[in-house]
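J.: The primary structure of each chain is shown beneath.
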Amino acid sequence: MKNKKMKIARIENDLSQEQLAEKVGVTRQTILMIEAGNYNPSLNLCIAICKALNKTLNDLFWEE
Amino acid sequence: MFIGKKINDERITQTKHKIASEAFGIMFLALTIIVFVKSIVLEMPTKEYFTEFILYMGISLYVFIRMIMSSVYAVNIQNSNQKNKLKIVIISDIVFLLSIGAIQYSQSGLNIVFLLFAGITYFAAFYGLLWLSGKITELRNKTDDNA
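In the order they appear, the protein sequences are chains A and B. Residue numbers for the first sequence follow the working numbering, so the first one is 107 and each next one is one higher. Residue numbers for the second sequence follow the working numbering, so the first one is -3 and each next one is one higher.
Bear in mind the hints are in silico, worked out from the structure with no lab data behind them. Take these hints with a grain of salt, some might be off.
[As the list claims (entries may be wrong)] Across the chosen pairs, the derived CB separations fall in these ranges:
hint : chain 1 : residue 1 : chain 2 : residue 2 : range
1    : A       : ASN144    : B       : ALA19     : 52 to 58 Å
2    : A       : LEU163    : B       : PHE60     : 36 to 42 Å
3    : A       : ASN144    : B       : TRP127    : 42 to 48 Å
4    : A       : TRP168    : B       : ALA19     : 36 to 42 Å
5    : A       : GLY143    : B       : ILE99     : 48 to 54 Å
6    : A       : CYS152    : B       : TRP127    : 39 to 45 Å
7    : A       : ASN150    : B       : PHE60     : 43 to 49 Å
8    : B       : ILE50     : A       : THR162    : 53 to 59 Å
9    : B       : THR28     : A       : THR162    : 48 to 54 Å
10   : A       : ASN160    : B       : GLU6      : 44 to 50 Å
[What the hints assert, rightly or not] Just a sample of chain B residues kept apart from chain A, beta carbon distances all over 12 Å, derived:
hint : residue
11   : GLN10
12   : LEU38
13   : ILE50
[To be verified] Simulated pairs of lysine-lysine, DSSO-like, Cα-Cα distance not exceeding 30 Å:
hint : chain 1 : residue 1 : chain 2 : residue 2
14   : B       : LYS43     : A       : LYS129
15   : B       : LYS12     : A       : LYS113
16   : A       : LYS157    : B       : LYS81
17   : A       : LYS113    : A       : LYS157
Glycine is no exception: its CB is placed at the ideal position from the N, C-alpha and C atoms.
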């Protein structure tokens, strides 16, 4: 399932996939795959992404 | 906890591990085929394939010990019930006996007493190893619980 919340949060923070990847310390492909829903990140990576985007885990990774 | 700390790209690490694991599988299969062909098909003297054989046994032992020590073995076999465990041991025993029997038959004819002895020894050793690995896993789990 695509992670639109993360993509929207990234755009709100005015970050490209490349910039977010650099901030978190992963490759752009990893960010791309998370947003596309093709890769399940670990809790550590989720937290790092949340911190980089100033969001909580619920904001980005919780599906109702 | 995570502030200012760069993390490794786990996807890259996972992919690298997967590739290494696949490469290991291919190498191990090749090693098995080499040992099989040299020993059984070509009937070469033992010294001709001794290095490969030691490597084969060493790697198998290493994987087995690492699996027990990491409690991975527990997930695969130890969690299955006694009936399943017995089934695994019996099937592998039959495969072992068929292989030994085939080699014997092609070389000097069947020796039933030897086969019976080999079968019982294999069964006892395999079951003993399973029991031992189960005990080690149990002991490790208890230690982890108390930590």
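J.: Look at each hint and say if it fits the structure.
T.: Hints, verified against the model:
no. : hint                             : result
1   : A/ASN144 to B/ALA19: 52 to 58 Å  : violated (24 Å)
2   : A/LEU163 to B/PHE60: 36 to 42 Å  : holds (39 Å)
3   : A/ASN144 to B/TRP127: 42 to 48 Å : holds (43 Å)
4   : A/TRP168 to B/ALA19: 36 to 42 Å  : holds (38 Å)
5   : A/GLY143 to B/ILE99: 48 to 54 Å  : holds (53 Å)
6   : A/CYS152 to B/TRP127: 39 to 45 Å : holds (41 Å)
7   : A/ASN150 to B/PHE60: 43 to 49 Å  : violated (31 Å)
8   : B/ILE50 to A/THR162: 53 to 59 Å  : holds (55 Å)
9   : B/THR28 to A/THR162: 48 to 54 Å  : holds (51 Å)
10  : A/ASN160 to B/GLU6: 44 to 50 Å   : violated (22 Å)
11  : GLN10                            : violated (9 Å)
12  : LEU38                            : holds (47 Å)
13  : ILE50                            : holds (39 Å)
14  : B/LYS43 to A/LYS129              : violated (57 Å)
15  : B/LYS12 to A/LYS113              : holds (27 Å)
16  : A/LYS157 to B/LYS81              : violated (48 Å)
17  : A/LYS113 to A/LYS157             : holds (15 Å)
Hint compliance for this structure: hints 1, 7, 10, 11, 14, 16 are not met, and every other hint is.
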